[in-house]
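With chain A held as given, fit chain B onto it using these hints.
Given next are the chains, with one letter for each unit.
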Amino acid sequence: MSELRFQALSHAELTQVSASFRAGNHVLIGSERDGTGTLIALAAGTLEPAKGQVLLDGVAPWSNARARQRIASFCAEESLLPARDVAGAVALALHARGDARSALSVLDSAGLAHFATQRVAALAGREARAIALCIALSHREPTLLALHEPLSVVGIIQEDFVLQTLASFGKAGAIVLSSANRLEDAARLGGTESALERGLWFASAQARPALASITLRIHTPEPRRLAARLSEAPDVSGVEWAGGQELLVHGSELERLAHSVVANARAEAIRITALKQDSPPLEALAAARAGLAQAYYERTRSMGNAVRQP
Amino acid sequence: MSGVGVGWALARERLRGLSAALILLLSAGAAFVIGVLERRSDARSAPDDILSGTVFGIALPLLAYLVSERACDGKRLERSVDGVARYGTNRRAALLGVLLASALYTALAGALLTIAALLGAHAWHSSSLSADLRASVGIALITGVVYALYFGAASLLGKRGTGRKWALIIDFVLGAGSSALAAPWPRAHVRNLLGGEPVVALSQASAWLALGAIGVVCVTLSVLRTTE
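Same order as they appear, the protein sequences are chains A and B.
So for the first sequence, our numbering puts the first residue at 1; every next one is plus one.
So for the second sequence, our numbering puts the first residue at 1; every next one is plus one.
So here's chain A without its partners, still in its complex pose:
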């Protein structure tokens, strides 16, 4: 059975990631800032690990062309290969993979045939990513699918097509490793969940509680201005304003969210008259944070023990 293994992997945001994945569907919860994009690129063999190893069936994909040929990847940063039109770019990618199918048939299977004659330079960023996902999902017999936020291009590609293709690959014995920033996306992708939090990897048992969505209720005399400012803040996943002086601000981590709200209000000289946390209740949040802290503590202790042992 195939196995993807990360061994003491440190690269950019990632710190000492050690994990292994076998055939089936796996979801990695976390944002790009947590290192999901980097981990997917390393798994796909498009990045050389600065420290540690990435092994697919015992072989490093970065330095082995045959291993890379068995990988279907969809990375955080995607640009199509140079060509006159989209069909040309897809055809070159298929040639590079040793796939004799026509570009049109591959695009058609994902419902993207209408892009075939479009110039590559004329594609919007999301459209180019959708084509890249289509190329990845067209792989005939992948051992590994390493996909960064595959549901981010839903709307251009049908969600059912993506989910059904991933499920069928998982059942066929491939390792399907997808990342998801939103818990709803992770739930839709299904499979075993693990998480990355600021570069630290947490196994499935520790992944879920700490990453629950958090909502802050903010009262301010200038809700419109504050909402506009917060809608661009990286730690804020959503802002709701139903009129009046109250704003609902959503995010994934209490401290960062609260800090972001206060910092943005201060930067715009906007007064906040009240700031309180909405559901989930404080107890649940405290439990979640305690769970994360416990996991972090145990992880640090086990690493310390490993160092002390001869």
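Treat each hint with caution, since some may be false.
What the simulated footprint calls covered on chain A by chain B, stretch by stretch (three residues with Cβ under 8 Å from a Cβ of chain B suffice, anywhere in the stretch; the number is not a length) [stated by the list, open to error]: (1) 37-51; (2) 55-66; (3) 80-86.
No wet-lab data here; the hints were simulated from the structure.
The beta-carbon is built from N, C-alpha and C at its ideal position, and this holds for glycine as well.
Just chain B now, with coordinates in the frame of chain A:
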């Protein structure tokens, strides 16, 4: 399609475009006009002057540099094939394809510049025109190939292949001499082939060999320094 073929196709797509053709045509036009001006100034030395000065001294190295920069997409040589390597193409094979395409484009561009320059520098009914064309086009072809391989290998250095720029400057500065310091650089041997001052008293036959050796060393270095 083999890995070399994929690399070739990748470089061909990067090199295609109106701007590349326009630059080549403008360069050829400029070489012709300078050739005509040289002939009006001194008809006997015009062909030698235009070849050793404008064509092989300035235009061809610059064109080779620009072709290499574009074929590598402004990146390091081995990074320039990452786009196809992710799909399972061997980086070394793809890199050979990229080098092959840039060598062919540079050689053809060099030949075109040489023809344009000689047509300008020679009188239309000159008896020496055809012989000069045969000899010079041969030199242009090998010079184009060697410069492409030279800039390709230099692209292995620097964060975004900035080694290319240094290679151009070093070739201009050190290749202009005739001491042993000039021996590793293409310019010195090209000058010898054109009838100029030889490097450390090497014969013209040795200059062909030296250029070939520089090309082989550059390809070998490029392949060896690249991960599969």
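Comparing the hints with the structure gives:
1. 37-51: As far as the region 37-51 of chain A goes, the hint holds, because 4 residues have Cβ atoms under 8 Å from chain B.
2. 55-66: It holds, with 5 qualifying residues against the three required.
3. 80-86: holds (count 4)
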